[in-house]
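A.B. asks: Required output: the full structure, derived from the provided sequences and hints.
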Amino acid sequence: MRSHCGESMYQSSPQRVLVVSPEAGRLDAMRKVKGLAWETIYAADSARALELLQCDPIDVVLADRELRGPTNGEALLRMVRDLSPDTALMAIEARAIAATDKKSLALLAVDRGAQAPVVAAMFERAYRIHKLLTNPQTAKVVGALGELPSVPETYWELSRVTAKPNCTVAEVAAIVQSDPALSVKVLQMVNSAFFGLSRRVSSIAQAVSYLGLELLKGLVLNAHVFAAIDASHTKGFSLERFQLYSVRCARLARKFVGESKLGDDAFTAAIVHDIGELVLAMQHPDKYSQVVAQSVDSGRPADELEREIIGASHAEAGAVTLASCGIPFSVVECVAFHHHPSLVSGGPREVLAAVHAADALIGILTCGDPESRLDVAFLESAGVGHRVEEWEKWAQDEVATWES
Amino acid sequence: MRVVVAGGTTPDLEPYAATLEQAGHVVKVVADVSAPSACVAEKPHLVLLEVTRDGAGALEQIRRVRDLAGVPPFLLYLMAGPDLSQTFLREAYDAGIDGDLRQPFGPEFLTSRVSAATRLARRPDPAPAAKAAVPVRPVNGAAPKVAPGAAATAAAAAAENPMSESEVQLTNATQSQTWRNASKLIQDMGSKFLALPVILGAEAAAPIPSLGCAISLSHAAHQLEARIAIGADSRSARRLAVHMFGDEGDDLVGDMLNELANLFMGAVKTSFSAESFAFTGGLPETISADYVLRPSATYKRQETFSMAIADSRLLVYIGMRSKANLFLASSGLREGMVVAKDVFNARGLMLVNGGTRLSLNMVEKLRSLLTPKHLVEVTAP
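In order, the protein sequence lines correspond to chains A and B. At the far end of the first sequence sits residue 404, using this note's numbering, and the numbering has no gaps. At the far end of the second sequence sits residue 381, using this note's numbering, and the numbering has no gaps.
It is worth saying that the hints were derived from the structure and are not from the lab. Just so you know, even glycine gets a beta-carbon here, dropped at the ideal spot from N, CA and C. There's no promise every hint is true.
Reference excerpt, derived from the structure (chain A facing chain B, CB under 10 Å, subset only) [said to hold, decoys possible]:
| # | residue |
| --- | --- |
| 1 | A121 |
| 2 | R241 |
| 3 | F242 |
| 4 | Q243 |
| 5 | L244 |
| 6 | H284 |
DSS-like mimics (lysine-lysine), calculated; alpha carbons at most 30 Å apart, straight line [stated by the list, open to error]:
| # | chain 1 | residue 1 | chain 2 | residue 2 |
| --- | --- | --- | --- | --- |
| 7 | B | K373 | A | K255 |
| 8 | B | K323 | A | K185 |
| 9 | B | K341 | A | K287 |
| 10 | A | K255 | A | K185 |
| 11 | A | K287 | B | K184 |
| 12 | A | K393 | B | K365 |
| 13 | A | K32 | A | K185 |
| 14 | A | K393 | B | K373 |
| 15 | B | K184 | B | K323 |
C.D. replies: Pasting the structure below:
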């Protein structure tokens, strides 16, 4: 993949990372990892951590939630955020559940049992996404949309309930029914031409069984973001087609990953992966029309032109928008790097691989995108290179289904 | 769903019938020659007509079924033999079929195709499609002409093919008594006005015209346009002008054609009104004589005939077309077409503004940026 302007900003590594944990062995393990581009420093408690923070700038802080003393892990993160807004925050959890923990300030949670090389890769990922999210240029492009309301309680409720192995349709239906606007949206969706049902579904429970839990969660997120930025009259944009494209990508991304929690994450990330296009089209309608026109005329990738003409790509704008309303790191990272996944090095990347491949393959098959859009080298490095041929076939089937 | 299955050899149709009956449909198997009477008796929602050979006879068979009067609208699908040519299929669509099933096909495909028609017919809220299929209401607000029970099937036809909303109305209008008897209406009006016997003949019975006049009837709500054109050779035109005005001056020859076109249009319009089709008449216009015989290819169910009036001959053309926008696959776009609405790619990004006349470059771009089956709405020619 060739390098695009602006990418270099996200390619750099942190220079200093601070690990705050009562387990001193963690630092030793980290120091044994070869080839790290940064200096790792260690503090056994919050007081020492704050002292170090005031001496020299620190790019990433990893704080253990189990810190003892008057300042626990979360409180320390809050203080670091106030003292040093440029520092990326991470937390060590007994079980990394940050994806569903809306209260955590940590961008990324590290499982207590994670091996040092995995933790090292996560430092880099957290640092890069934090740099992207705090980039003033992107913030300026996103503008007021960066202050979207928080994700509705319904989303977190659904995440919590659906994470349970014995979750029932009745429980989920009850959550949906508690939100009248969502109930209407769910019934509209299930009765839309997209599903082609021969009879009208009028019960939420039936709709839930039909849509599936992951689609439902994606729908909540999608409805929330779309409702917040009301793009129904955005120039040069067909909201209906855009949403349909997102749902189709999501369905395919989920199929790539399979039936698992990761599949749900892939679905959720894919359904909002291009939301930045909408943000750009709404915030900068004239410039965005220029981007589309030039992209059509010259065949150059839209994200490259977006950076040139507007100052940020739709991937960056989307990531900032979603992060600002509390969407989990895994989703934000997928959105940020779905066109350039190679910028995410190390660690588990199945979800990013699925979202990238689903978007690239559908784009190649339906929008005339060049084949180089699919980053095969990244897919190889993410351990899914052997599945590319199968995924291509699935994408072709998906497109054939929707055309028929 | 009531289905009539018709074809040349009825025993060969039994497996189709059995398949459909198993799927819960009520099926009647008849010989193709009996298809029209079976349609009248059964009032089917769907007719499956098996045609295995090209030919005018097969097209005539299709027209006989499609142009039946007094039956609720129904879908007409062709079970097309493997040897049928594309040209024949195109003519079959022009003659009135709504879809085709190319043989060989399996029972699952047949069931799916018929189920699709059923689903559309029973769709609980077919608002957009049904809107176009609502039977024509008379100006005075009396009952609709088409039986309400037929609306769902008409809606099915429209919904299955979203580009055919106006086509459904075209079918309704061309199945009317007025349109079926238009030549007779014109003959009667000519005879009455000119006080001369008028004899209808084939197109070839009239000399090649040198003068022409055309007049249109339009139905704004249903986006339909009917056209009546008259052509005359100069000798016939002069004789008729003398008969009508006592003189044969150039202006009077033109006036004579205008007057006749206006009268014929009036007769057709009045008859349409009696059948609750509210057409609006236009003004006669002088046209090239060539254009009498070569109208736009978009006209359907057209007829050209001669009228022998004493020792003069007139050539009369009648045709009707939908003025609704066309939906074309991106592969069917051509330079010069005008895009009716904004064109978006699969991601929802706008590629071309509505109202743009396509250049060759744009056509090539759209073909490369859209899938071959992506439908683009272009204005009616």
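A.B. asks: For each hint, tell me whether it holds in the structure or not.
C.D. replies: For each hint, the structure was consulted:
1. A121: violated, 31 Å
2. R241: Holds, about 4 Å.
3. F242: holds, 3 Å
4. Q243: Since chain B brings a Cβ to about 8 Å from Q243/A, closer than 10 Å, the hint holds.
5. L244: holds, 8 Å
6. H284: Hint on H284/A: violated, closest Cβ of chain B at ~14 Å, above 10 Å.
7. K373/B / K255/A: Since the Cα atoms of K373/B and K255/A sit roughly 25 Å apart, the hinted pair holds (cutoff 30 Å).
8. K323/B / K185/A: Distance ~36 Å between K323/B and K185/A Cα, so the pair is violated.
9. K341/B / K287/A: Holds - the C-alpha atoms of K287/A and K341/B are around 22 Å apart, at most 30 Å.
10. K255/A / K185/A: Since the Cα atoms of K255/A and K185/A sit roughly 24 Å apart, the hinted pair holds (cutoff 30 Å).
11. K287/A / K184/B: violated, 63 Å
12. K393/A / K365/B: holds, 26 Å
13. K32/A / K185/A: violated, 52 Å
14. K393/A / K373/B: holds, 19 Å
15. K184/B / K323/B: It holds: about 26 Å lies between the C-alpha atoms, which stays within 30 Å.
Of the numbered hints listed earlier, those contradicted by the structure are 1, 6, 8, 11 and 13.
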